[in-house]
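Undergrad: If you want the building blocks of each chain, they are given just below.
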Amino acid sequence: MSRYTELTKGIFKCNPLFYLVLGLCPTLAVSTRVDNALGMSLGVLFVLIGSNTLVSLVRRWIPAEVRIPCFIVVTASLVTVVDLLMQGYAPDLYARLGIYVPLIVVNCIILGRVEAFASKKPVLDSLLDAVGMGTGFMLGITAIAICRELLGGGQLVLLGLTIVPAFTKSPALVMVLAPGAFLTLGTIMALSNYRKLRRG
Amino acid sequence: MENLLLIALSAIFVNNFVLFRFLGLCPFFGVSKKTSSALGMGGAVIFVMTCASALTWPIYTYLLVPRGLQFMRTVVFILVIAAFVQLIEMVIRKHARELYEALGIYLPLITTNCAVLGVALLNVEEQYHFLGSVVNGFAGGVGFTLALLLMSGIRERLELAEVPRSFRDLPIAFISAALLAFAFMAFSGLGVW
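Heads up: the sequence lines are chains A and B, in that order.
Position 22, counted from 1, in the first sequence is what this note's numbering calls 22; the numbers after and before it change by one each time, with no gaps.
Position 156, counted from 1, in the second sequence is what this note's numbering calls 1156; the numbers after and before it change by one each time, with no gaps.
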């Protein structure tokens, strides 16, 4: 596999959300607003790049029996960095994301990529894989958040800028509540299946 | 006492870990195809969540807080949980063969189940006392098991239903989960929040 495909596979072909179905919890929990989704995926991207690169660097010295605890320590330290940075520089976002920031530790995308990829491959490949997977996650969660904010909030606001002004007085509130999350993800997955089936 | 009951009811029904807080979704969709495996997973999660709450609360309150190390909670909690799960696996493999065969394959999966780390973090966030934390952990596990069992029942029926091709398997499971979450939203009227 060339370096280029290492980068792009995470974005479309093996999208961690729609294809591998990893990292569902934060996806559904914070995708009520596009701002939250972007903040979350930046955090995940940072941790993913950091843990993939670090683990790939030290992969020769980690004994196979204790590899999972080692990976978890690396990830947890990086998550603490994100936690403190976000608390310091983006307190509003931090308050809205709540416990889902420390929960990045158990996001299966990160442990999954470290175990399946970074622990076996050279540093540059691992870095590209992390960037691709992180971007794929970002695209997926943002797509869900756009649907939910448009339908459930009746408008689209990004970083304080109104992209789509309020177009209805009574938005479908349920879309920003719990059922809306499942409904949106189910429908998007069905649509992508439909496309695949049509192609044959 | 009344307080503990409120914590329990709220964790099981109103703020159900799976359907309201979106914690533990991977096993919720991964192990809900058969009722028997859903029961096994549920049992293991109840046990680990209760013990994780009982373990992390004293560590946080008596070790981290006096030294001003609250920011280390993520690292400490996940290590405690991972070590505990590993220990339990070794103990029941040696001493309780039958239990191991029933729960064994689910235990390693639990380390990365966000409901377990989630309950430890929530206990700290909500500032529960020790008993409150343990009850919250236990009830959270019960809520998880309840949702998992309901889901497995639905999915066993779905196997026989004629689902449009593009909705087959996971997409229809998500739609069913949405309907289940709708039903659970009715509990928010209980007013125990």
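No wet-lab data here; the hints were simulated from the structure.
Nothing here was measured: the structure is a model prediction, and the numbers come from that model.
Ideal Cβ placement from N, Cα and C applies to all residues, glycine included.
One should not assume that every hint holds.
To be verified - A short list of chain A residues far from chain B (calculated; beta carbon distances all over 10 Å): (1) Lys9; (2) Pro26; (3) Leu45; (4) Leu84; (5) Leu103; (6) Val105; (7) Cys108; (8) Leu111; (9) Gly154; (10) Thr162; (11) Pro165; (12) Gly186.
What the hints assert, rightly or not - Now the in silico label distances, taken between C-beta atoms and shown as ranges: (13) Ala1183(B) with Ser2(A): 31 to 41 Å; (14) Leu57(A) with Ala1083(B): 42 to 52 Å; (15) Gln87(A) with Ala1054(B): 22 to 32 Å; (16) Ala1083(B) with Tyr194(A): 38 to 48 Å; (17) Ala1183(B) with Lys196(A): 41 to 51 Å; (18) Leu1004(B) with Gly98(A): 21 to 31 Å.
What the hints assert, rightly or not - Computed cross-link-like contacts, DSS-like style, restricted to lysine-lysine with a CA-CA straight-line distance of at most 30 Å: (19) Lys1033(B) with Lys196(A); (20) Lys13(A) with Lys1094(B); (21) Lys9(A) with Lys121(A); (22) Lys1034(B) with Lys196(A).
Undergrad: The structure should be examined with respect to each hint, and the outcome stated for every one.
TA: Evaluated hints:
no.	hint	result
1	Lys9	holds (20 Å)
2	Pro26	violated (8 Å)
3	Leu45	holds (18 Å)
4	Leu84	violated (6 Å)
5	Leu103	violated (5 Å)
6	Val105	violated (5 Å)
7	Cys108	violated (6 Å)
8	Leu111	violated (6 Å)
9	Gly154	holds (20 Å)
10	Thr162	holds (28 Å)
11	Pro165	holds (28 Å)
12	Gly186	violated (3 Å)
13	Ala1183(B) with Ser2(A): 31 to 41 Å	violated (49 Å)
14	Leu57(A) with Ala1083(B): 42 to 52 Å	violated (25 Å)
15	Gln87(A) with Ala1054(B): 22 to 32 Å	holds (28 Å)
16	Ala1083(B) with Tyr194(A): 38 to 48 Å	holds (45 Å)
17	Ala1183(B) with Lys196(A): 41 to 51 Å	violated (31 Å)
18	Leu1004(B) with Gly98(A): 21 to 31 Å	holds (24 Å)
19	Lys1033(B) with Lys196(A)	holds (24 Å)
20	Lys13(A) with Lys1094(B)	violated (44 Å)
21	Lys9(A) with Lys121(A)	holds (16 Å)
22	Lys1034(B) with Lys196(A)	holds (28 Å)
Of the numbered hints given earlier, the model fails hints 2, 4, 5, 6, 7, 8, 12, 13, 14, 17, 20; all others are met.
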